[in-house]
Amino acid sequence: MSTATTAQQSPPAEKKSGRGTLYRGKEGMWSWVGHRITGVVIFLFLLVHVLDTALVRVSPEAYDAVIGTYKNWYMALGESGLVAAVIYHAFNGIRIVLVDFWKKGTKYHKQMLWAVMILWVVVFGAFFVRHMMLVLGG
Amino acid sequence: MSAQQLNIAAPRSGDIDPKYLRQSASSSSNREMFKWLFMRISGPILLVLIFVHLFSNLMVGDGVHGLNFGLVAGKWASPLWQIWDLTMLWLAMIHGTIGVGTIIDDYTSKDRTRVGFKVALYLASVAIIVLGTLVIFTFEPCMTDAAGNLMDNSPSFCFNQ
Ligand code: HEM
Ligand code: HEM
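So the protein lines, in turn, are chains A and B.
Taking the numbering used here, I'd label the letters of the first sequence as residues 1 to 138.
Taking the numbering used here, I'd label the letters of the second sequence as residues 1 to 161.
It is worth saying that the hints were derived from the structure and are not from the lab.
Only a predicted model underlies this, so the values are computations on that prediction, with no experimental measurement involved.
Some clues are possibly wrong.
[Said to hold, decoys possible] Calculated pairs, DSS-like style, for lysine-lysine (alpha carbon to alpha carbon, straight line, at most 27 Å):
{"hint": "1", "chain 1": "B", "residue 1": "Lys110", "chain 2": "B", "residue 2": "Lys35"}
{"hint": "2", "chain 1": "B", "residue 1": "Lys35", "chain 2": "A", "residue 2": "Lys110"}
{"hint": "3", "chain 1": "A", "residue 1": "Lys104", "chain 2": "B", "residue 2": "Lys35"}
{"hint": "4", "chain 1": "B", "residue 1": "Lys118", "chain 2": "B", "residue 2": "Lys35"}
{"hint": "5", "chain 1": "B", "residue 1": "Lys35", "chain 2": "A", "residue 2": "Lys103"}
{"hint": "6", "chain 1": "B", "residue 1": "Lys35", "chain 2": "A", "residue 2": "Lys107"}
{"hint": "7", "chain 1": "A", "residue 1": "Lys71", "chain 2": "B", "residue 2": "Lys75"}
The following block holds chain B by itself, in its conformation from the complex (with noise of 0.2 Å):
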């Protein structure tokens, strides 16, 4: 054998035959490219929002005994902690899904099974995004119920209207 014949490419070199990629060279590594710096950009700020989240609702006055509906009322009160909350549920559900994209890609060697994993991950990202944006914008602390009555555990300050 002479050394020619075992002169193989590495895969990364990319010389791989198209037939082989997944997509175009070019527009896979444009947005492999987008992810990596996503994930390193969304990281350090979710830290920031996740840490003062668990702060502010587990470790000051009574921690988890002070979660009610009149807590979420009284913080969404506030434009400061919809921005908080909605900008946290975004960057977290991103980086969630381009994460566990990842996985899936690393641990499923057939197409079929891949796009599967992959349509159920995003369609229930999509789905959790929406709800939790119309959460927080349709908020409505003061609910009644069909007869037009303030309903059951309703914070004190709607009695004062």
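Excised from the complex, chain A in its bound form (with noise of 0.2 Å):
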């Protein structure tokens, strides 16, 4: 019942670009686009991480002169925007499976975005804390 009332409030434009549907504009659709993008980065940065862990097999100083660099205020940044990217992607990830498995999931996508910025902020400002000091203090 409730879907049909949402359906006739809506204003017309909306219903036909699309637009304040689960999908197009609106918080659907930009949790989307953060979706593509961190999934991106994620894909291009392991790319990258597989190249330098197998500089294992060079010799122990050259893997330990690559990951030194890591070790510095700057790089810290970048690891924690990956960091921060692979949080999102995660807990977003969850959100697309249950609202595509959980019989309730499409009534609660809304709810569950909402989780997943706040369940973002703890995680990732806790993450954030620890990392700096660990690499500011050492």
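Two chains, two separate frames, one set of hints: put the complex together.
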């Protein structure tokens, strides 16, 4: 019933463009844009990450030299950016799975997006504080 | 104009002339279903694998300052971390390759462009999966140089052997 009423209330312009539906415009679309961008960023990182880890087959010195460049404050900001992307993509990915598989998923997709944002702030905040303290302290 | 003339089939209705399809309908939809499911099964597993990976490398002990050859040698001495990293490598690479493949499909309309990007993507992915797998299985903690001496920066346990 409630879905029928919301459909009636939405202005005609929104109906025509498909805005305000589950996918187009508003939260649904921006969460998807964010999911896409973070997915590509993590993938590109992973390609490079396997290459730098492969240096353990070259020599201990080569590996330590490259890993050593990760330990200053500006690289720490880059690592934090990557971790921010991973945390968003992971939590929003779970939301997508719930929307698709959980009976009430489509009904609560907005609430779940709020949950993703709140969890992101909490988990990333904790990571960032600890990571920066370790980087700057040591 | 009669109403009948305006009755154009929607693309998703399955009535598409086969000549406009990139593959036969049944094989392409099975593959799409497999990809769709794979993303949703690998995702939650990757969450656990990657969160633990980040936590154990960046949050415990000295964090990023503790990372060096010796730490990797210590971790890969245990089959648990070997299997952990191997699973993470394969799942993340396949998940990411399917994901980026979908994005290529979405933004390329010319067949030649699409095939070009996809071939490059698959070649890069296979190369990285093979390299990463070899690195885990051929890892040697106590490497020696041509003269047979332990290399610089070798983990301390190599000297006690
Ligand atoms: C800045 C964050 C990261 C740091 C500092 C880091 C560090 C490391 C280190 C030290 C290793 C060596 C082995 C081990 O510790 O288990 C490693 C291996 C690995 N990492 Fe990460 N990692 C990071 C982020 C990630 C992310 C986001 C992913 C997944 C998308 C990932 C996937 C892998 C894989 C698959 C391996 C094994 C590589 C191989 O088979 O040669 N890492 N990483
Ligand atoms: C951390 C746990 C992760 C979870 C829970 C997760 C979940 C998901 C889900 C559910 C999708 C949607 C698939 C669809 O719409 O059909 C997706 C898409 C995607 N994922 Fe992940 N994923 C994770 C990690 C990763 C990693 C490590 C990478 C990169 C190596 C990655 C790259 C992508 C890409 C490129 C897409 C395609 C986005 C699009 O089509 O718009 N994901 N992920």
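We went through each hint and held it up to the structure:
no., hint, in the structure
1, Lys110/B <-> Lys35/B, "22 Å, holds"
2, Lys35/B <-> Lys110/A, "26 Å, holds"
3, Lys104/A <-> Lys35/B, "24 Å, holds"
4, Lys118/B <-> Lys35/B, "15 Å, holds"
5, Lys35/B <-> Lys103/A, "22 Å, holds"
6, Lys35/B <-> Lys107/A, "25 Å, holds"
7, Lys71/A <-> Lys75/B, "20 Å, holds"
Figure legend: structure checked against the earlier numbered hints; every hint is met.
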